[in-house]
Amino acid sequence: MIKLDLPVHAIAHARAGDKGDVSNISLISYLDSGWDNIFNLATEEKVYEIFKHLGATKVQRFELPSLKALNFVIQSALGGGVNSSLRLDRHGKTLSSHLLHELILPISEDMIPSNSPYLKKFKG
Amino acid sequence: MIEKVFIGCGAGFSGDRFDASIPIVKEFKNINAPKYLMFEVLAERTLAIAQQFRLKNPEEGYSPFLDSYISPILDDCLENNIKIISNIGAANPMGAAKRILEIAKKQNTKKPTIGVVLGDDLLDYMSNDEILDSPTMEGLDFSNNKITAANVYLGAQPIAEALKKGADIVIVGRTVDSALALGPLLYEFKWKQNELDLIGSGTICGHLLECGAQVTGAYFADPGFKDVPDLANVGFPIAEVSQDGSFVITKPEETGGLVSKATVTEQLLYETHDPSNYLVPDVTADMTNLTLENNGKNRILVQGGKGKKSPEKLKATICCDNGFMGEAEISYAGPNALARAKLAGEVISERIQILGLQGQLRVEIIGAGSVHYSMNETSSYQLPENGDYRVRTSAIYPKKDQAQQMVDEVMSLYCCGPAAGGGGRGYVTPQSSTASILVNRDTVEPHIQIKII
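Line by line, the protein sequences give chains D and X.
Each number in my numbering corresponds to the 1-based position in the first sequence with 273 added.
Each number in my numbering corresponds to the 1-based position in the second sequence with 29 added.
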């Protein structure tokens, strides 16, 4: 099956939360067929590379295979946290979208939900 | 024996929709089982602000939104035996209870019995030095600042006790959010402190409810990829909890939103770090064995919650004043807008230097990756030279007039900046910093009181 390098947004959804200067971002596979790809390739190292420009010092990954979900805990990524950050988005609420956009994985059609606009990429 | 307990959540943060609880109350009218409505309205900083209000007027210091949340549903709740549990007390739970009695009198409802949980305010029984000498989990060195608020997170037990004493409404100050649901479950199901899996399950249930509609399709929609029906009328969550700790997450009939495995999973991990060690005063909850199952339309059955021994110490949040933040914005649009916005940012930076304002200045361009990058970082998005961009600057200074000076510099771009800047806005807001400390249970527990009024 053909694989294309696409943002993980094609096969997963995410939500970011904050506690102090620590951001946590979940990464949840839409389909069972996308889970192995995410589990094997969404590593702490890759996520660290995506957030180091924001000051991230360390990324820890937690796994919930029964829910097809990973949870990344990212230290020092919030410019001091909601009470001292100078950023527009003091909570880092939008960072889930950053992960979905910047994490690029080799993705095949069967990993993508049937209504997804990403399926067009495989046509023609 | 009670088979099921119903818990609805009518607010997930201070300022959440004031009418969100009405469909839950309507649904509960037809249910013949123990029914609870929780309101979670107390963020970390909210309490520091509330303390300031209480210092100015000892009658105040409870949530400024109390009337807006309670007035629309109070009579229906009292008439239909729907009990209300809320941290709406903020810095003054007793003041909140008195205000609710006033509302009840004005609305001519039956007189509610209100349970008030006290003891979270460390400033009542610990000195500044004792607080500062406590081990710090995270946050700043506060030694040079005056503490404006110091509140320890209480657990679910005091809420359960207040219910046992006959409360129709339980008002708390700082209490862990999940306890607003666990408290009623401890009381109704008589779960014992050593039944850790049940307490873990009840905590996970509370965690899923505590942010309101974030579990029922709000904060979820990504049009075309992840659609949510009728988001404008999103229904707030209801948990139907069974004696064995399993529960169904659903929402009222005739509301918008969506309850699916995906919405529940997103909320489960929201503000969670290690999912096998979710620490609250009541238990160390473990989410890693959870299963989610479809149980009808907009119904997800959650099973398999576990619990381990509760953490030895309690977490407290302390707040202090931390200067003033200036924020200001100005827009550039049309041909070559990106270059004009960048020039505006450079001018502001240079002017701040000339004025000698010390401290970090952040300059970012809204429309050019502001929330994921800043001006000095390269956005991965392809940015058109022509477009609609908004320069934003921010800085925190010790004094209010310094923050105002920075804001004024951005406003000066109206006449002194690049061509065609418009829509300038500026704000100066007082800042409160927080840190988390650990406190011994022995220090706190003797001060916990449940008052019934």
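These aren't lab readings, by the way, just hints derived from the structure by calculation.
Treat each hint with caution, since some may be false.
Stated by the list, open to error - Only pairs whose alpha carbons sit at most 30 angstroms apart, straight line, appear in this in silico DSSO-like list of lysine-lysine:
{"#": "1", "chain 1": "X", "residue 1": "K428", "chain 2": "D", "residue 2": "K292"}
{"#": "2", "chain 1": "X", "residue 1": "K55", "chain 2": "D", "residue 2": "K292"}
{"#": "3", "chain 1": "D", "residue 1": "K393", "chain 2": "X", "residue 2": "K290"}
{"#": "4", "chain 1": "X", "residue 1": "K480", "chain 2": "D", "residue 2": "K393"}
{"#": "5", "chain 1": "D", "residue 1": "K366", "chain 2": "X", "residue 2": "K135"}
{"#": "6", "chain 1": "D", "residue 1": "K331", "chain 2": "X", "residue 2": "K55"}
{"#": "7", "chain 1": "X", "residue 1": "K428", "chain 2": "X", "residue 2": "K135"}
{"#": "8", "chain 1": "X", "residue 1": "K194", "chain 2": "X", "residue 2": "K175"}
{"#": "9", "chain 1": "X", "residue 1": "K255", "chain 2": "D", "residue 2": "K396"}
{"#": "10", "chain 1": "D", "residue 1": "K331", "chain 2": "X", "residue 2": "K338"}
{"#": "11", "chain 1": "D", "residue 1": "K325", "chain 2": "X", "residue 2": "K371"}
{"#": "12", "chain 1": "D", "residue 1": "K292", "chain 2": "X", "residue 2": "K194"}
{"#": "13", "chain 1": "X", "residue 1": "K55", "chain 2": "X", "residue 2": "K175"}
{"#": "14", "chain 1": "D", "residue 1": "K276", "chain 2": "X", "residue 2": "K255"}
{"#": "15", "chain 1": "D", "residue 1": "K331", "chain 2": "X", "residue 2": "K344"}
{"#": "16", "chain 1": "X", "residue 1": "K55", "chain 2": "D", "residue 2": "K394"}
{"#": "17", "chain 1": "X", "residue 1": "K221", "chain 2": "D", "residue 2": "K276"}
{"#": "18", "chain 1": "D", "residue 1": "K366", "chain 2": "X", "residue 2": "K33"}
{"#": "19", "chain 1": "X", "residue 1": "K326", "chain 2": "D", "residue 2": "K292"}
{"#": "20", "chain 1": "X", "residue 1": "K428", "chain 2": "X", "residue 2": "K338"}
{"#": "21", "chain 1": "X", "residue 1": "K55", "chain 2": "X", "residue 2": "K326"}
{"#": "22", "chain 1": "X", "residue 1": "K337", "chain 2": "D", "residue 2": "K331"}
{"#": "23", "chain 1": "X", "residue 1": "K255", "chain 2": "D", "residue 2": "K325"}
{"#": "24", "chain 1": "D", "residue 1": "K292", "chain 2": "X", "residue 2": "K344"}
{"#": "25", "chain 1": "X", "residue 1": "K342", "chain 2": "D", "residue 2": "K292"}
{"#": "26", "chain 1": "X", "residue 1": "K175", "chain 2": "X", "residue 2": "K344"}
{"#": "27", "chain 1": "X", "residue 1": "K290", "chain 2": "X", "residue 2": "K326"}
{"#": "28", "chain 1": "X", "residue 1": "K255", "chain 2": "D", "residue 2": "K319"}
{"#": "29", "chain 1": "D", "residue 1": "K292", "chain 2": "X", "residue 2": "K33"}
{"#": "30", "chain 1": "D", "residue 1": "K366", "chain 2": "X", "residue 2": "K255"}
{"#": "31", "chain 1": "X", "residue 1": "K326", "chain 2": "X", "residue 2": "K33"}
{"#": "32", "chain 1": "X", "residue 1": "K290", "chain 2": "D", "residue 2": "K319"}
{"#": "33", "chain 1": "X", "residue 1": "K135", "chain 2": "D", "residue 2": "K292"}
Bear in mind that the values here come from a model prediction, so they are computed numbers and not experimental data.
Evaluation of the provided hints:
1. The suggested pairing of X/K428 with D/K292 holds, with an alpha-carbon distance near 27 angstroms, which does not exceed 30 angstroms.
2. The hinted pair formed by X/K55 and D/K292 fails the criterion: a straight-line CA distance of about 35 angstroms is larger than 30 angstroms.
3. Proposed proximity of D/K393 and X/K290 is supported: the alpha carbons are some 26 angstroms apart, at most 30 angstroms.
4. Only pairs whose Cα atoms come within 30 angstroms are accepted, and X/K480 paired with D/K393 is rejected, the gap being roughly 63 angstroms.
5. A distance of roughly 41 angstroms separates the Cα atoms of D/K366 and X/K135; the hinted pair therefore is violated under the 30 angstroms criterion.
6. Restraint check: the Cα-Cα separation between D/K331 and X/K55 comes to about 47 angstroms, which exceeds 30 angstroms; the hinted pair is violated.
7. For the hint linking X/K428 to X/K135, the alpha-carbon distance of about 44 angstroms lies beyond 30 angstroms, and the restraint is violated.
8. A distance of roughly 38 angstroms separates the Cα atoms of X/K194 and X/K175; the hinted pair therefore is violated under the 30 angstroms criterion.
9. For the given pair, X/K255 sits about 21 angstroms from D/K396 by alpha-carbon distance, which is consistent with the 30 angstroms threshold.
10. For the proposed pair D/K331 and X/K338, the alpha carbon gap of about 28 angstroms is at most 30 angstroms, so the pair holds.
11. Restraint check for D/K325 and X/K371: the C-alpha separation of about 23 angstroms stays at or below 30 angstroms, so the hint holds.
12. Between the alpha carbons of D/K292 and X/K194 the distance comes to roughly 35 angstroms, so the proposed pair goes past 30 angstroms and is violated.
13. For the given pair, X/K55 sits about 46 angstroms from X/K175 by alpha-carbon distance, which is inconsistent with the 30 angstroms threshold.
14. Only pairs whose Cα atoms come within 30 angstroms are accepted, and D/K276 paired with X/K255 is accepted, the gap being roughly 22 angstroms.
15. A hinted pair counts as satisfied when its Cα atoms are at most 30 angstroms apart, and D/K331 with X/K344 qualifies at roughly 23 angstroms.
16. With a C-alpha separation of about 47 angstroms, the suggested pairing of X/K55 with D/K394 is violated against the 30 angstroms cut-off.
17. In summary, the hint linking X/K221 to D/K276 is not supported, as the alpha carbons are separated by about 53 angstroms, beyond the 30 angstroms threshold.
18. Annotation: proposed proximity of D/K366 to X/K33 is violated, straight-line Cα distance about 35 angstroms (limit 30 angstroms).
19. For the proposed pair X/K326 and D/K292, the alpha carbon gap of about 33 angstroms is over 30 angstroms, so the pair is violated.
20. The suggested pairing of X/K428 with X/K338 is violated, with an alpha-carbon distance near 46 angstroms, which exceeds 30 angstroms.
21. In summary, the hint linking X/K55 to X/K326 is supported, as the alpha carbons are separated by about 19 angstroms, within the 30 angstroms threshold.
22. For the proposed pair X/K337 and D/K331, the alpha carbon gap of about 27 angstroms is at most 30 angstroms, so the pair holds.
23. In summary, the hint linking X/K255 to D/K325 is supported, as the alpha carbons are separated by about 28 angstroms, within the 30 angstroms threshold.
24. Between D/K292 and X/K344 the alpha-carbon distance is near 13 angstroms, which keeps this suggested pair within the 30 angstroms criterion.
25. Among the hinted pairs, X/K342 with D/K292 is consistent with the structure: their alpha-carbon atoms are about 18 angstroms apart, no more than 30 angstroms.
26. Simply put, X/K175 and X/K344 have alpha-carbon atoms about 20 angstroms apart, close enough for the 30 angstroms limit, and the pair holds.
27. With a CA separation close to 12 angstroms, the supplied pair X/K290 and X/K326 stays within the 30 angstroms bound.
28. Taking the CA atoms of X/K255 and D/K319, the gap is near 25 angstroms; set against the 30 angstroms cutoff, the hint holds.
29. Between D/K292 and X/K33, the direct Cα distance comes to roughly 33 angstroms. Violation of the 30 angstroms bound is thereby established for this hinted pair.
30. Taking the CA atoms of D/K366 and X/K255, the gap is about 18 angstroms. The hint holds against a cut of 30 angstroms.
31. About 19 angstroms separates the Cα atoms of X/K326 and X/K33, which keeps this hinted pair within 30 angstroms; it holds.
32. At most 30 angstroms may separate the alpha-carbon atoms for a hinted pair to count; X/K290 and D/K319 meet this at roughly 27 angstroms.
33. As the CA atoms of X/K135 and D/K292 are separated by approximately 40 angstroms, the hinted pair breaks the 30 angstroms bound.
Consistency note: the structure conflicts with the earlier hints numbered 2, 4, 5, 6, 7, 8, 12, 13, 16, 17, 18, 19, 20, 29, 33.
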